[in-house]
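Trainee: These protein sequence lines map, in sequence, to chains D and X.
Just so we're aligned, residue 7 is where the first sequence starts under the working numbering, counting upward by one.
Just so we're aligned, residue 53 is where the second sequence starts under the working numbering, counting upward by one.
Do not rely on the hints blindly, as some may be mistaken.
Stated by the list, open to error - Footprint (simulated), chain X over chain D, 3 or more residues, beta carbon under 8 angstroms:
id, stretch
1, 119-128
2, 132-138
3, 154-165
4, 172-179
5, 308-321
What the hints assert, rightly or not - Anything over 10 angstroms on all C-beta distances counts as not near chain X; from chain D, calculated:
id, residue
6, LEU34
7, LEU57
8, ASP70
9, GLY104
10, SER183
11, MET211
12, GLU218
13, GLN269
14, GLY299
15, HIS303
16, PHE337
To be verified - Here are some chain D residues the structure puts well away from chain X; computed CB gaps all over 10 angstroms:
id, residue
17, ASP22
18, GLU44
19, GLU108
20, LEU116
21, ARG219
22, ALA246
23, LYS301
24, PHE336
25, GLY341
26, ARG353
It should be emphasised that the hints constitute simulated quantities derived from the structure, not laboratory data.
Note that beta-carbon positions come from the ideal geometry of N, C-alpha and C, so glycine has one too.
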Amino acid sequence: MNMSAYSRTEAQQRADEIGVFQSELDRLEHEGVLTLTEDQRRAVKEHQRGLLAQYSQAFDIDRDTQSRQLSIGMRVASFLGALALAASVFFLFYQFWGLFPETAQVGILLVAAFGSFGATFVIQARDSTGYFTKLAAMVAFACFVLNIAMLGQIFNITPSDKALLPWAAFALLLAYSCDLRLLLAAGILCLIAFVSARTGTWSGMYWLHFGERPENFFPAAIALFFVPQVLDHRRFQGFAAIYRVFGLVTLFLPMLILANWGQTSYLDFDRTLIQGFYQVLGFAGSAGAIWLGTKSHWPEVVNTGMTFFVIFLYTKFYDWWWEIMPKYLFFLVIGLSAVLLLVVFKRLRTVRYRGDGGASA
Amino acid sequence: MTWSRKYTLVAGLGLIALTNAIALFGVVYNRSGAPEATLRLTQRELRTPYRWYGGRENSGLALSLVWRVLNERSPEIQIYGYVGTGGTPAWLDKAKMEALGFNTSAAAAPSDRSRMRYEKQLPREVLLVLELEGPAYQRSLELATQHLAREEAKRASSPGDKNLDSRVKNVREALEGEASRNSRLFVVDAGLELSALRAKYPDTSRHAIVHGQVRLVSFDTSSGGTGYISGLSIESINVPFALRDVFGGATLVVDFDQRNRVPFEATVAFGKRFEPWITAAAKK
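Chain X extracted, bound-state conformation:
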């Protein structure tokens, strides 16, 4: 072996070792000390992702974090809308988007060029506050209840209307879903500084701070918000080998509304780098 081959071999082995060391050091750092937040989530907030054809050969198991945003002005969207696919909450208004680094002044400008300048702004990574079973969820439940009351009042004023009967049935089911099946995890705020967000949301068992992406919306939204939360930087959490049995059956079931899921509770910790991991889990 010539000297250059020897050094190439050493360089390659060193590169592999160094890259792994950096990655693993990051993991250790993230999990060192007390977690930044710890949430006790259930099957409502953690779901098995749909297994596409190729994915069936994947023996690993990761659970998707199901999060939502509150839409005060349109409870119908709130109830029927997909959860976990992004949203435009009312609190993500112009002032908040400006604070997150977006330029919203061009939105009101009449010229096409200003409009284009506004629309061209790409998503930014920010800190998002996840709230578990807090005021946002209570408000969502309240909205669903009020919605049902309104629909029942309409049906009472037009007895015999089949459409209204069916609508009331759907809204009642949606309320049941909201009370027992839908995720209670809401994105309630966004910011750039951890300390400011933590000062505002000090309860680490209810509020977790994570990285996520926010973008501007170029149309009038029903919520009145101007920002769209397009996703979390980490959308799914790997299930440790030791806890696989708790979720075992779930891996093979494709159950869209998750009605047949075995109930469980999992403790998810969020570390110094806002990266989550499951620390404990048990069937309920």
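If we strip away everything but chain D, and leave its shape as in the complex, we get:
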């Protein structure tokens, strides 16, 4: 039997679809719309049972609602545990590193980096749930970050943005090999910092100041957004969405800053003109994201676009009316604008249904 699932997420999705299919089949049979023969019913059941058994064995999937709720708890616990263990490794080294000579310090750092990376692979081979792999991978990433940062401290190496590149590569390697979204986010953050710092240094600035010019983040934002278009991520559930969300946040957050503090821009125009430009760009960009997300069936793009559209809108409301309006009127306007947005989105949804072939008709 071909499992046709490469990851736990895919297996879980298939198992959920089997459940939905079974419920709908029962309903159709009850309503007399469709009746399978005994042979067909048995064949379908056996096929599904076989698939579910294999998925359970290979990926430890949730087969009912209760186990799914427990899984959410486990996911939260593994996320917090991964962060806490990474912090623990960091502080453990700081607590004792001064007690060893430099050679031993370097040795410990190397053993920790190599060992934790190897251990992640050993754990991954035995862990069908993926939760323990996440813990191990996060510790491995922390060990590698600590390794390079501490070499800098032990040997007084000049701080450099170049360190972000191997950290990003390492996090992405762990993310793709162990199917871990937390590590993907860590790798993306390192990449954003590296690309933005490099963009900043082109103007001659010292790299640590790259955050003072929000436009430095734009190249990283655009590149991230288009990564899922260039690389096929179908095998990695949720990875494409993470790239797009990080791309949009890295684009809209600097725009929001520039829309309010135009003096931080590279543009050589009047401050108010720059702010106006980025306000328009912010509105147009977030509206465009909503449109693109709706068209391409990317809910995360719609949600991110909508969030920033509302933030841009309310920031403007605050600028225009907070000082001149009584507070009850200000909040009334905010409330009415929310109602207006609801009406607009409801209408958009109706139009989309019609466009999809008259499902609502």
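Position chain X against the provided structure of chain D, taking the given hints into account.
Mentor: Relative to chain D, chain X alone:
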């Protein structure tokens, strides 16, 4: 193990090994051959950083490099001002800032936009020349002495003035501090080319060249300078394990003006990449 897992494992191990190799090769290169400069610093120039709450769990020891700039026009700032937190020396004028890559022409322009263009320029990394107990320090000592003489003359002309009495006492203490406690390490020049700076400051036992950051100032400074030295790229130097005993007691003491520090002398070498390391240290 599938082939892809095997290759992923090899790639990860290779990445760790390669990154460490590059970092360690850089260290070896920096320390190879004769050092670019070697300074003999004391507790006046190397201080234990203040241990914040979380930092108390850090068993390592790094000493902060305390550097200063000379401010001719305002000796009071020179004496009372914090050391090691940046400064605007008179020599960091428009011409020097232009040479370092800044555009200073907009500073004199009347329009707001030109002013904004000027102020928008962000810090650049340049080479800074550190001078140990050289003319800059001697001048600073001289300024402090002259300042005390002026204050004593004022007190002599107004006998019985309690404020002047207290002021003279403070200035005298400041002079004592300048002579015996304050750092003698001054940033005396900046540039972009090592060879040009080394030709100008050939004494490698008195002048060290390091990376640091410089930015424009958008206001009139007391020194007349237009640039601000905001920091060194490496502000603290790790103490090797073998030399920890020399500084041992210092790690637990939070002593802001460092009066109670055990005196020591440490030889700090600066390598090919201007990265420092302590080569020797002894209690005095």
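Trainee: Each hint should be assessed against the structure and marked as holding or not.
Mentor: Structure-based check of all given hints:
1. 119-128: holds (count 5)
2. 132-138: With 0 residues in contact (Cβ-Cβ under 8 angstroms with chain X), the coverage given for the stretch 132-138 of chain D is violated.
3. 154-165: With 10 residues close enough to chain X, the hint holds.
4. 172-179: holds (count 4)
5. 308-321: With 0 residues close enough to chain X, the hint is violated.
6. LEU34: Its Cβ never comes within 10 angstroms of chain X, the nearest being 41 angstroms, so this holds.
7. LEU57: holds (22 angstroms)
8. ASP70: Per Cβ check, D:ASP70 is outside 10 angstroms of chain X; nearest 31 angstroms; holds.
9. GLY104: violated (3 angstroms)
10. SER183: violated (4 angstroms)
11. MET211: violated (4 angstroms)
12. GLU218: Given that some Cβ of chain X is not farther than 10 angstroms from that of D:GLU218, nearest at about 6 angstroms, it is violated.
13. GLN269: Its Cβ does come within 10 angstroms of chain X, the nearest being 6 angstroms, so this is violated.
14. GLY299: holds (32 angstroms)
15. HIS303: About 30 angstroms separates D:HIS303 from the closest Cβ of chain X, which puts it past 10 angstroms; holds.
16. PHE337: holds (36 angstroms)
17. ASP22: holds (27 angstroms)
18. GLU44: holds (41 angstroms)
19. GLU108: violated (6 angstroms)
20. LEU116: Per Cβ check, D:LEU116 is inside 10 angstroms of chain X; nearest 6 angstroms; violated.
21. ARG219: D:ARG219 not clear of chain X: closest Cβ-Cβ about 7 angstroms, inside 10 angstroms.
22. ALA246: holds (20 angstroms)
23. LYS301: holds (34 angstroms)
24. PHE336: holds (32 angstroms)
25. GLY341: Nearest chain X Cβ is 39 angstroms from D:GLY341, so the label holds.
26. ARG353: Given that every Cβ of chain X is farther than 10 angstroms from that of D:ARG353, nearest at about 44 angstroms, it holds.
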